[in-house]
Structures are given as structure tokens and as C-alpha cells.
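Chemist: Same order as they appear, the protein sequences are chains A and B. Going left to right, the first sequence walks through residues 1 to 552 as this note's numbering numbers them. Going left to right, the second sequence walks through residues 1 to 552 as this note's numbering numbers them.
Hints listed in this document are in silico derivations from the structure and should not be mistaken for laboratory results. Errors might be hidden in some of the hints.
[As the list claims (entries may be wrong)] Only part of the chain B face toward chain A is listed, based on derived beta-carbon distances under 10 Å: (1) R32; (2) D40; (3) N53; (4) V97; (5) I184; (6) G294; (7) K296; (8) E319; (9) V415; (10) L513.
From the three backbone atoms N, C-alpha and C, an ideal C-beta is built for every residue, glycine too.
Number of protein chains: 2
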Amino acid sequence: MRRVPGRLHRLGVADGSIKKSRIVLERMVEQRFEQISPADFFYRNRDIAGFSNPSRSLYMSIRELVENSLDACEIGRILPNIWIELTQVEEDSEKDVRTYRLVVKDNGVGVEAEHIPKAFGTILYGSKYGFKQSRGTFGVGGTMALLYGQITTNNAFKIISSTGKKEIHEYRLMIDIVENKPKILEHKTYPNENGWHGTVVDYTLEADYTNSKSKIIEYLSKTAVINPHSNIVFIDPRGRLYVFARVKETTPEPPKEAKPHPLGVDVETVNRLIANTRSRDCVSFLMNEFQKVGRKTALDVLKLANIDPRTKVKELTFEQVTALVDAIKAYGRFRAPDTSSLSPVGVEFIEAGIRAVYDPEFLHVVQRPPASYSGIPFIIEAAVAYGGNIPEGEDIHLLRFANKIPLLYDERADVSWKVISEKIDWNSYKVPKVKRLAVLTSICSPKVPYKTVGKEAISDRPEIERELTIAIRECARELRLYLSRIEKGEAVKKRLNVYAKYLPKIAKFSAELAEKPLPDLKPIFNKLGLTEKVIKEVAAEEEAEARELYGG
Amino acid sequence: MRRVPGRLHRLGVADGSIKKSRIVLERMVEQRFEQISPADFFYRNRDIAGFSNPSRSLYMSIRELVENSLDACEIGRILPNIWIELTQVEEDSEKDVRTYRLVVKDNGVGVEAEHIPKAFGTILYGSKYGFKQSRGTFGVGGTMALLYGQITTNNAFKIISSTGKKEIHEYRLMIDIVENKPKILEHKTYPNENGWHGTVVDYTLEADYTNSKSKIIEYLSKTAVINPHSNIVFIDPRGRLYVFARVKETTPEPPKEAKPHPLGVDVETVNRLIANTRSRDCVSFLMNEFQKVGRKTALDVLKLANIDPRTKVKELTFEQVTALVDAIKAYGRFRAPDTSSLSPVGVEFIEAGIRAVYDPEFLHVVQRPPASYSGIPFIIEAAVAYGGNIPEGEDIHLLRFANKIPLLYDERADVSWKVISEKIDWNSYKVPKVKRLAVLTSICSPKVPYKTVGKEAISDRPEIERELTIAIRECARELRLYLSRIEKGEAVKKRLNVYAKYLPKIAKFSAELAEKPLPDLKPIFNKLGLTEKVIKEVAAEEEAEARELYGG
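For reference, chain A alone in the conformation it holds in the complex (with noise of 0.2 Å):
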């Protein structure tokens, strides 16, 4: 045992002032340390993945099945068919929080027989942790809908998939949540003699479906205008039935798995990338694994780390690592992030929609370039509407969309929020304090990073925040212009209006005057611009004026 060195005197831990407290420590209990499972987190703190309430969480659990739907769609470039059916298990009663079965059906391309147990019954398990842009990400929302309805109602829950081969298998499974592990209640199988392939999801749940109802029909109206492709169908308790029809007849392209870019990785994924690369030396290694390098950058990086290029990749230091990973972040002359791993909405879809729900008087839209954060890339696409049906207000309608998705709740929470409310000075684009004014906002990326499981809010990474402040002010300028013109117009009918009014009285009282006949005014008046209605207008303002002071 050595002696308490210098330092730790410094930062007094070893000085004599705090003995009294020994004795009260003498009394103390012991702590109890232990460690829980994932699944056993989300148990003890659903609200951090959305499902706060019996109403929320009928909602989240739509939600949540509905995009690992569109998704299982999307990578098997299959036109979605999705049916929800949400019935009431209980017997009427008083309260709003009831038992609820609720049923997703798509016809997606289903899940290997092997993985159908893990994949719902397991928190942290999934197929999309990939770098690939696609609704879900976490691994935990679908299970998490699944746990919800077991520890509300302790029923076991039914899983119904293929991948349209020979079988179609049915299990009951429940949730071990202490290990985080499914438990199999049963096991079926049947022939699948017409190739179906898709998932069945069913299961019962304690819901409030009369305070969820708007926003369920809301995200779902969302989803469809976001996804045209899609069929969605939903009956709700009550027996009413909601389609929301597919209007477009093709696949949208689906994303790629991308290499990450080599902006903003860190040593932890570097040392992913090197475990798992089949690339020998450490040119081949930065060319081979990570997007928009060549090899002239990667020279020219490995010199900046001081690392020999022949240096056989697995057999780098650590030290040599970080000095890569510093190297990577000093160079500064990447080309940007590839950009056909992303599948934005797209500018015209945007214009349509928006006109299809406001018919604005203004829109312009825009979509950034690519750019990146940590390595991963994304596109932001915004809009500004203004007029038309848009409900008037000192507040601003914010529509907010990520990876085709529509984000209903925590909207103060967003990244976009605070990009509308602090970094725009909306005066400064002439916008009136009661306007009509509705702002979208969109982004696609590999990884979009919410700030909350429940996949609500975004959060405001430096990079995203500044494309989207980028993308809200051009919009905004184009406003401004319009908003000028707008006044401009205004400011010369005004002054138009006072010539055509009284350019034939002066011509007439200066015709008396000067005893001459009256001046043909009209090319005059052509000059100025007048046409012959404004001054017909202005003519019958007049007279309207004139018979209500002295009367008709």
C-alpha cells in the first residue's frame, strides 16, 4: 500500500476536517448495488419511450406497429396494406380507460420464424441498427407496445408472420422482463399455400381510445399524405371504419445501407470498423469502410496521424487509433456525405401536400443539400406557407416530419421549434404579429437523433440546427418579398387611387380656369398605370361616399 500522495492532499481528500462525519457514517446503511435489464428499464420508466398514459399509449402503440408495417414494406419495395382494427374487450363502462384488442396486419416481408420470438419479445433486439434511414431505429418500440399490453392486462400476446415461404408461423409469447427474454407459450405452424408473406400483431392493452382518438386519426391521415404508396385501413371501437387509400401506384426507392462518413466518428467506431473490415492495410481500411474517401485522402490523413500507410490495420495501437480519429476530424476537406442512402420527401410532395391542406397564398419550399452530423448524413427539407387556410394567430403552425414520419407530440421540445422561435426574427421578414403562418419541417437521415425513445422531438444537434435555420430563412426571404410586393401593390393602389380621384377634378377646375376645353386625361392615366376600372372603381367609391354624407 503506498502512501497518499501530494494530489490527492491537494484536492483535500486526505485532510483531517471531516473526521466528525465518521461517526455518522458508523450508522449508515449499506448501499444495495445491482444491475437491471433493458427490458426491466423501459418496465420501470415507460414514460421515456412514450407510453405516460392510457391515451398516449394507445397512441405510441399504433404508432410504433404502423412504422415497423411501412418499414417491413419499404425494404421489400411492397405497396403497404395495413389494417388496424381496435376493438373493446370489456363491457361498456363509465370510465375511459378500458381494455382494448388491438390488431396490426401488414404485408410486409415478414419475419424469419427463428427471430419472430426475440424480435418482439426482447428490448434492444432488432434489424435496424444498421446504417440504413428507416422509421424505427431504437429496437424498442414495438416490444415496448408489447410489454405495455402485458403488464396492463397480463395477457400473453400473438405474433402471425412469414416471409412467404413454405410456412406461416403462429406464436404466443410473453415477456420475461427481469431477463429480457421472450417466454414461448406456443408454437404453430401452417401451410402458406399462397406465398402470404407480412405480420399479424395481437394483442390486448389498457387504452383510453376516447382521449387518443384525434391524434391516432391525425398520425394516421399524416402517415398517409407522407406515404402515398400506402393503404391504410383502421376501425376504431366503435365499428367506424377509416381508409386512408394508396394514391400512388409505385415504390418509393428504398434506402441503402451506407458506409458512415468519416466526419465526426469517434475511436469506439473505429475500432468497430477494424474489428470487422476484411481490408489489410490502412489505405485500403479508410478507402474500403468509409464513404468519399479516395486514396489521395486517405495518404494524406494517415500523414496527418503520422501512421505509416503499409501499418496493417488490425495491428494499430490504441494510440495510433486516436491519433487516426484526430487526424480524421483536423483534415477538413471531405467531400460530402453520400447522399443516395437518403430518401427525402422531396420538394414537390411537400408543395402538394401543403397546398392539398392550406391552398397558401404563399409557399416556397426547400431542400438542402446533404450534410452530416457525426459521421451520419442528412437532408433537411423545410417549408413556409403563408395565407390561405392556414388558422390565423400570433402562434405558428409547425408540421414536423422525420424519416416520412409525423411527429404529433413534444412539439416545444424540437429542434425546429426552436429554430421558428429563437433564430428567426419573423419581424425582420415583415410577418405581422397575427398571421397566417405554418412552417414544415422534414429530415431523413440514417439516424435521426431524437431526444426521446418515444421518438418525439429531435434534438438540437449544432449541424441540424444550422440546416434547418439555413433552410427556414430562405424560405423566409422569399416571404419577405412577397409580404413587400404585397405592400408595395398596396402602397401604389393607394397612391393611384388618389390621381384617379382627383386628377379630373383638378383638370376640370384648371380647364375652367383657364378657359379651355377639358384635357383628354386618359393618356395620362395610362402612363400612371391606371386602367380603366380602377378609375371606374374609384368613380363608384365616390358616389358611395358622396350619398351616404348627404344622402341618395
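We have chain A; now place chain B onto it with these hints.
Modeler: Quick look at chain B alone, frame taken from chain A:
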């Protein structure tokens, strides 16, 4: 293999309409499934733990470590001495984002040597999963701060700790993210001659102090206000010393571990309690493992669940446990949860705190009786302050506390914001549009339902929303009375001024008319409540008016 049952046909699982897409499916790539560790999850999604950018990450790091320190003192009834030192590691650069070294030292109970590596190097490993009020709850924050440091600077971190026993332990650690395990790089021990107890955390991180400074200082000062028994010292990178000195020499009663309240428990909880209980029959199980359950209540509940009270609790079937939980939910006559496990801030203390900051004209503080959500007790405290130094504006100044920590971010996502903006109609409480209005809310609970792992916003559990609404409404009613009194006072004053102005004139005129001497008006003025002072003021005003009108 069975035939496809009719039910599947009904769901459309086995109809022939989807043959076409089979061709597409054959080209499909197989889905890769994988399981990730909790550390990997938070590494991939650090925004979820509040580590979204270099400035907020620094705030989060200091916050998580300070809260761990306060908890470590509270459980030992120690007056906290917390020392925070932030120094710049890199030489001056142009950028705001730099490498810093952060040292946080406390005199808390310390961590036993055997637990140090996992307590600081494993996500979801902690001592705070018990049913007890504490600042930390998730077993994520402290480790996350160190994980963030590791991935941004590639350095190991150092932990020095002692529980006051013979040795001081010093560990140099890194986190194996894939495995969610600590890697021990070095372990030294020193003799603990003075019986020191406490913990020192020492590591490097990439941070932005320029843009987080104000939030950090705000956080520390609010923490100090609500923890007046603490000494908090902060040395910032520019060498400035901030001292938040202790103003109270007694430690608060430490929160106690509590049994769960029966209201709202689920099958999972009951199963865990059954697994750990020493009780044999069901009656003693209910009486021993839950709070507020006596013999009669236990018998009533078991009768409702149709369970023989003598049944051995470990032999209950799944169906019986489910029936028991349903009976507990249906019973509805449990006494309110035990408050002894809760440690609210206290009305006097909130009052003193608000007076010190705002010096308001009006202040009303309410502490609600304990309530519970999902079997978890909580106490809501709320205050409404008006006037004084509260900044004037259309917005309400909201101050939020949870288990004695201030919440500074994501205000608009918090249930308190929902209540003050949606549930309270301030107009009906006579509050003007432009006002000086502050609302303080505080919740204490063994489990605060945060929406995010970053512990910034509290979710809108219906029970909490309800308590907050009641508490704030009660304050608002008092505010209305106050504002009415002022309004009424002003109306009365106005009326009296009229009397004071005209009564002498009328008296004089009447006296002259009746040719009688001027009567003594004093008794009448007294009866009306008009003091000499008011009469003189009115007379002076009259004179001033006259001077203004006709010149002095």
C-alpha cells in the same frame, strides 16, 4: 402441420390476392437481427440521455455528477461539500468546442471498492433502484457522463473513493461499450489515515463552456437554494471561483425506503414481491409487502379475488395473481400512501426562496397531501407569485423542481407547462395579459416519471397532472382574491375621492343657500372611511389641476 384456420382467412392472411409481390420478395435481402447492450444503446443514442451537443453535454455531465454527490451525502446524513473544477486541456483555440478536464469531488458515503468499476463503468448498474426518493434514478447518468468523455476524448477516467474505512481506492477505467462492462486499467490503494469518505471523479471530455456557462451557473445556484445545507464550489476554466455557501447547518431527514402502495401495482411487481417475500400465506403477504394494508383490507381484497386467505403465496397460479391484481385495482378503499418516504421541499422554504429572488407583492404556496400513481407516492408543491421583481411579459415564469433538483431544459415538454398553459384559464383569475407572474412547481417521489433519461421534463401522468392542477388553481384563487381586493380598493378609493372633492363644495353651497353656518364634515368623512390624509391629497390634486388650467 395444420390447415390455415378460418381466423387467418378472415384476417386476409391466406388469401390469394398478394401473389404478385412474391417475385419482388425473392430479390429481397435478408434482414440481419442483432442484440445490443444498454451501453451500446446509449452510445448510439446519446441525445436520449441529454448529451446532444458539446454545450449541453457539459451541463449534463456536471449535473449528473453533482446529483450523485448530493445523493451520496444525503443517504449518510452528511453536510455536503462539493468541489467542481473545470480546466481547459487544449491550448487556446478559436473554437468554442475544446477538450476540458472535469473533476467533481464530494464528501459522501463513498463506494465500496468492489462496486467502483461497475458503478462507474456499467450502464443500468446502480444503487438507486430501490423504492426511495433520490435525485438519480436510472443508473445511467453518471456512467453516461464518463462514456461521453471516453468517446469524445479517447481517455480513461479516474475514480478515487473511500467509504471511510482503512483504504482509499483509485481506479483508472474505460468502458467496454459492446459488452457494457468496465475495463480496469489500473487499481491503486492508499492508507486512509484520516478516515476520509467520499468520491472523486476525474476525466476529460469535449465540451463547450462558452455556451453552457449560464446554464451551469443557473443550475448550481438553484441547486444551492433548494439544498441550503450544501457547500458547492465551482472553479471555471477561466479561473473564476463560484462559491455557493452553506446557509443551514442541519441535514434534512433522509428519505426512507418504502414498501409499494397497492394502488396501481401490476402482475410483474406482485410476482417480484412473491419471489422475495418471507410471508407464507396470502394475508400476511399483503400485510407485509404493501404499505397501508391491514388485516381487514387484506381479507377484503382476497375475497374480491376469490382466493382462500390461507393459500400459500408462493403457490398462487398465474391466473390467481392476475385475479389478485384485478381485485387490488377494483378495491378502491386503500388509505393514502405513506408520506414518510417522501421529503418535500416545504412551504416555508419555498416561500423564503421565492421572496429572496422575486420579492413579490403576492405569494401563495400550497403543499398537497400525498397522492400516488401506479402505486408510487408523490407530493406536489406549488407556488404562485405576482409582482415584485418578476420580469413583466405575456409569459409566465415557470420554475420546476423534482426531488430537489432544478429542471432547466425542455420546459415546454413538462406536465407543469401543460397545466399552466392548458388547464388554468388565467383570465378567469383576473390576471392581465401582460403581467409579472411566476409559478413554481415541485414534485418529490421515489420515482419521478421523467420523459427523458436526461431528467428534464416530467410526463403527464393523469394523477400528477391532477394534483398540479388542484395546487395551482388553489394558488390562483388566492391570487384572484388579491387582485380583486386591489381592484376593489381602487374603485373604493375613486368613489371616496369623489366624495372628498364634492362634499365640501356641496356643503358650502347648501349652507350659503340655507344661510346657515358651514357644518362639520368630519363625522361624515369618518363614517365614509375618508381619512384626513386622503382629503388633503384630494385638495392638493384639485389645486394642482386648477393651476394647470388657469395658470399658477
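Chemist: Let me make sure I understand: some of the numbered hints might not hold for this structure. Which ones are they, in numerical order?
Modeler: Those not satisfied are hints 5, 6, 7, 10.
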